[in-house]
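*Asks:* Going line by line, the protein sequences match chains Y and B.
Residues 0 to 319 (numbering that gives the first Met the number 0) make up the first sequence, in order.
Residues 0 to 280 (numbering that gives the first Met the number 0) make up the second sequence, in order.
Everything labelled a hint here was simulated from the structure, so no lab data went into it.
Keep in mind that the hints are not guaranteed to be accurate.
[To be verified] A few chain Y residues that face chain B, going by a derived Cβ cut-off under 7 Å, partial list only:
id	residue
1	G17
2	L25
3	V29
4	M294
[What the hints assert, rightly or not] Derived list of chain B stretches under chain Y, where covered just means 3 residues or more per stretch with a C-beta under 8 Å from a C-beta of chain Y:
id	stretch
5	109-123
6	245-255
[As the list claims (entries may be wrong)] Here are the simulated distance ranges between beta carbons:
id	chain 1	residue 1	chain 2	residue 2	range
7	Y	R214	B	G135	51 to 59 Å
8	B	L174	Y	P101	30 to 38 Å
9	B	G64	Y	W166	26 to 34 Å
10	B	D224	Y	Y39	23 to 31 Å
11	Y	Q215	B	A238	54 to 62 Å
12	Y	R238	B	D108	35 to 43 Å
13	B	D224	Y	P101	36 to 44 Å
14	Y	L133	B	G110	49 to 57 Å
15	B	P34	Y	A75	21 to 29 Å
Quick reminder that beta carbons are idealized off the backbone N, C-alpha and C, glycines included.
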Amino acid sequence: MRTYITRRLLLFVPTLFGASLLIFVLMRLVPGDIAEILVYQTGSESSAVQKRQIEQIRRELGLDRPVATQYLAWLAGAVRGDFGYSYSQRRPVNEILAERFPRSMELATVTLLLAALWAIPLGVVSAVRQNTWLDYVVRVLSISGLSLPIFFTGVLILYLLVRVFRWLPPLEYVSLTEAPVENLKQLIWPALAQAYYISAPIMRLTRSQMLEVVRQDYVRTARAKGLGERAVMYRHALRNSLLPVVTFIGWWGGRLLGGVVIMEIIFAVPGMGLALVQAVSYRDYPTVQAIIFVMALIFLTVNLAVDVLYGWLDPRIRYG
Amino acid sequence: MDEAGALARFAQRQPLGTAGAVIVVVLVGVAVFAPQLAPHGPKETGFAPYLPPSAQFPMGTDQIGRDVLSRVVWGARLSLYVGLTSVLIGVTLGALWGVVTAYVGGAPDSGSQRVVDSLMALPPIILALALMAALGQSVNNVVLALLLLLVPTAARTVRSVALSVKEFPFVEAALAAGCSHTRVIVRHILPNCLATYIVLVTTNVSYAIVVEASLSFIGAGAPPDEPSWGGMLTAGTQAIENAPWLVLFPGVAISLAVFGLNLLGDAIRDLADPRLRGGLG
Numbered sequence: 000m001r002t003y004i005t006r007r008l009l010l011f012v013p014t015l016f017g018a019s020l021l022i023f024v025l026m027r028l029v030p031g032d033i034a035e036i037l038v039y040q041t042g043s044e045s046s047a048v049q050k051r052q053i054e055q056i057r058r059e060l061g062l063d064r065p066v067a068t069q070y071l072a073w074l075a076g077a078v079r080g081d082f083g084y085s086y087s088q089r090r091p092v093n094e095i096l097a098e099r100f101p102r103s104m105e106l107a108t109v110t111l112l113l114a115a116l117w118a119i120p121l122g123v124v125s126a127v128r129q130n131t132w133l134d135y136v137v138r139v140l141s142i143s144g145l146s147l148p149i150f151f152t153g154v155l156i157l158y159l160l161v162r163v164f165r166w167l168p169p170l171e172y173v174s175l176t177e178a179p180v181e182n183l184k185q186l187i188w189p190a191l192a193q194a195y196y197i198s199a200p201i202m203r204l205t206r207s208q209m210l211e212v213v214r215q216d217y218v219r220t221a222r223a224k225g226l227g228e229r230a231v232m233y234r235h236a237l238r239n240s241l242l243p244v245v246t247f248i249g250w251w252g253g254r255l256l257g258g259v260v261i262m263e264i265i266f267a268v269p270g271m272g273l274a275l276v277q278a279v280s281y282r283d284y285p286t287v288q289a290i291i292f293v294m295a296l297i298f299l300t301v302n303l304a305v306d307v308l309y310g311w312l313d314p315r316i317r318y319g
Numbered sequence: 000m001d002e003a004g005a006l007a008r009f010a011q012r013q014p015l016g017t018a019g020a021v022i023v024v025v026l027v028g029v030a031v032f033a034p035q036l037a038p039h040g041p042k043e044t045g046f047a048p049y050l051p052p053s054a055q056f057p058m059g060t061d062q063i064g065r066d067v068l069s070r071v072v073w074g075a076r077l078s079l080y081v082g083l084t085s086v087l088i089g090v091t092l093g094a095l096w097g098v099v100t101a102y103v104g105g106a107p108d109s110g111s112q113r114v115v116d117s118l119m120a121l122p123p124i125i126l127a128l129a130l131m132a133a134l135g136q137s138v139n140n141v142v143l144a145l146l147l148l149l150v151p152t153a154a155r156t157v158r159s160v161a162l163s164v165k166e167f168p169f170v171e172a173a174l175a176a177g178c179s180h181t182r183v184i185v186r187h188i189l190p191n192c193l194a195t196y197i198v199l200v201t202t203n204v205s206y207a208i209v210v211e212a213s214l215s216f217i218g219a220g221a222p223p224d225e226p227s228w229g230g231m232l233t234a235g236t237q238a239i240e241n242a243p244w245l246v247l248f249p250g251v252a253i254s255l256a257v258f259g260l261n262l263l264g265d266a267i268r269d270l271a272d273p274r275l276r277g278g279l280g
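This is chain B alone, in the form it adopts within the complex:
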């Protein structure tokens, strides 16, 4: 079958997932082509403040006279940057951690489990807030704060999968055939955790985007001049009575992005790991 046929089959079997994929493609497109799409720069001021949506400013202007449309467009880039980097790095580190400790077992494993327990016992938003307060507000520090939330969860999930993979006869066979432990981990255990890895990545991007926005909401996210959807929404709540568009557009942007990512993530989860089927589909 050609690729178009495969795509059509996917669309038929996963209508919601396809809708999600379309939204995500648009989101990625907006993020990549932000400089071309946005009429103005994200930090460019100098227009009259609080202008309602019009032909010149389709989403109006904000408190200090910036074009809201441009900031929403650039915000896609910031959200995706934070979401993708934190999840790719976080889940990868967590997966390696989980696989290695599961394979080694014994005291190092239970020791690492206590660290994971400690990190997971702390309320996530609060943990991120404390880290942001310690590091200072910047976009990359938001990524670091997210790593602190994502690594333990990924480590715990992948560890439990690796524990069962470790017991399969092919691991024993590989060891009997003289494979080194490194080779067993890399060639035999890691590939069998791939489905879990993919599911963790796809389902956590939207989570990371929401946490980024929530951090901005409690005043501990990216610096206020950065075009963060959460930050824009928060700043807008001060003036919601007179300028509701300042809350509405960034809020709709986050919701749409998360909606699309959730739908796509669910569809990918169904494909990657049939045992977890159910979800939305």
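Bound conformation, chain Y alone:
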């Protein structure tokens, strides 16, 4: 087990290296840089003066160095946990991460909790009462959840909130520690919209797993020894069918940090995703690279945690 975890952790290194290099190269291919944006923003006629200003900014930021040198410099900082200085926000990137990360993390966590809380029981009920009207309702719900793109549901929810409840997305973000109730009021709608989408595959998976497990021999044995239907379903069937569901939810959890970006845009939640989209448009290389690095790291860590958890839940799994 320990060797397995160590080997997986060692694989983080090439993966993160590859991912950061890829984003670094992609961002350098984006036409224009922060110097041009800053200088041309001021609006004065383009001239030799502006050219000189641009060159000066590039020199100050180190953008005049060869790209390979820039990458190595960035990498040297990143491994020490120093992601440099944001071009557009004019403060350390670590400060931006510290501010934005908890917000996106909270949104992602609330979303997953909501989705799991409503999808797993419905999936179970749908399987236990297979081919009844209840089952059909759940199946239609899950198919429709998969088919409605999240930005469409998000925009519709926002429209209804504004129209019917005269609710407006708040201008100022309040944190969970400052004002818990206000904070949850802010996050509940984007979380619900996203949870509706995620709950669909969870529901489907729970249902199909339950249906498969119910046909296993040990379930028949449990019934044969005279165990009540309730005990058979919840003690024997449910526990075993939840394994893949746990993996799946974990996989989503790792993805969700990057996935909540559309909700952050619609509901004006100033999280990591929103910061990332803005940083891309400002060609704010350090911020983009840092946020994507953190997202990739979270994804890998969560995946590893899920695999370890899976082995712990199911002793039949051996790590080779």
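Starting from the structure of chain Y, add chain B where the hints point.
*Replies:* Only chain B this time, still in chain Y's reference frame:
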């Protein structure tokens, strides 16, 4: 049995899949006959802006006076074009990549796995956004961005299938009979990955369509004058208070298309790969 009988049996066994097939046929029909079906051109302006749905404009007109119905109809063509080209090219490239690296094994295989790991560790929408920013906004660049998302997933899935196919005795027999490695890959391993290939293609078209629309939504998709459903919906959100139809019709169009493709994809998955049965059916 004749073909009508086979179709009837399919309809009976897969009622949801049949519904999906009907929706997809309509979608393809609309896409193919867009020039005949749409009353106006997709980029044709000159009508009064923000006209509500009426007999003349069944879906109203948009911000700059274009007929929404015509744009929704042409949008079917754009969505299907992006969805089909990206998935067919992406899954094919990914499948070849997966089969070849699985067959070769060793250092090239683990090296390629690290590349796949790196690509898959990045959040998909963000990766596509960065690529769009680098390449510029055009319909074909959306296809390229989608390739970057689809190829690694397909490579990983097909590789795992090819790894198990490789161990079958018939591969050893073919090699013993003097087949070249190329022939073993083409004649023996690839055909055994066909079911996985078909499942990957059918389940990913709707994903590609949603990603295309999502890219438009974050302002990094097809250029704004192109009739992209996602782009129309996004532009419409600015005016949702006064002209909700600008959001409603493109949104319903995407949802219906994705709904139909999902239903059909699930049915095909059940037929192509019984091991994966379960799903919606």
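*Asks:* Hint by hint, note whether the structure agrees.
*Replies:* Now the hints, each set against the structure:
Using the Cβ-Cβ criterion of 7 Å, the hint placing Y:G17 at the interface with chain B is satisfied: the shortest such distance is roughly 3 Å. The criterion of a C-beta within 7 Å of any C-beta in chain B is met by Y:L25, whose closest approach is roughly 4 Å, and the hint holds. The interface hint given for Y:V29 is met, as the beta carbon of that residue sits about 4 Å from the closest beta carbon of chain B, less than 7 Å. Checking Y:M294 against chain B: minimum C-beta separation of about 5 Å stays under 7 Å; hint holds.
Counting residues of the stretch 109-123 of chain B whose CB lies closer than 8 Å to any CB of chain Y gives 9, so the stated coverage by that chain holds, three being the minimum. Given a C-beta distance limit of less than 8 Å, the hint that chain Y covers the stretch 245-255 of chain B holds, as 5 residues qualify and 3 suffice. Between Y:R214 and B:G135 the beta carbons are some 54 Å apart, a value that agrees with the proposed interval 51 to 59 Å. In this structure the supplied range 30 to 38 Å is violated for B:L174 paired with Y:P101, their Cβ-Cβ distance being about 57 Å.
Between B:G64 and Y:W166, the C-beta spacing of about 32 Å keeps the proposed range 26 to 34 Å intact. Between B:D224 and Y:Y39 the CB atoms are about 25 Å apart, so this pair conforms to the stated range of 23 to 31 Å. For the hinted restraint 54 to 62 Å between Y:Q215 and B:A238, the CB-CB distance of approximately 55 Å keeps it satisfied. Here the CB-CB span from Y:R238 to B:D108 is close to 37 Å, well matched to the stated 35 to 43 Å.
For B:D224 paired with Y:P101, a C-beta distance near 40 Å keeps the hint of 36 to 44 Å intact. The supplied range of 49 to 57 Å is met by Y:L133 and B:G110, whose beta-carbon atoms lie about 50 Å from each other. Remark: the range hint 21 to 29 Å for B:P34 to Y:A75 is contradicted by a beta-carbon distance near 57 Å.
Hint violations for this structure: numbers 8, 15, all remaining hints satisfied.
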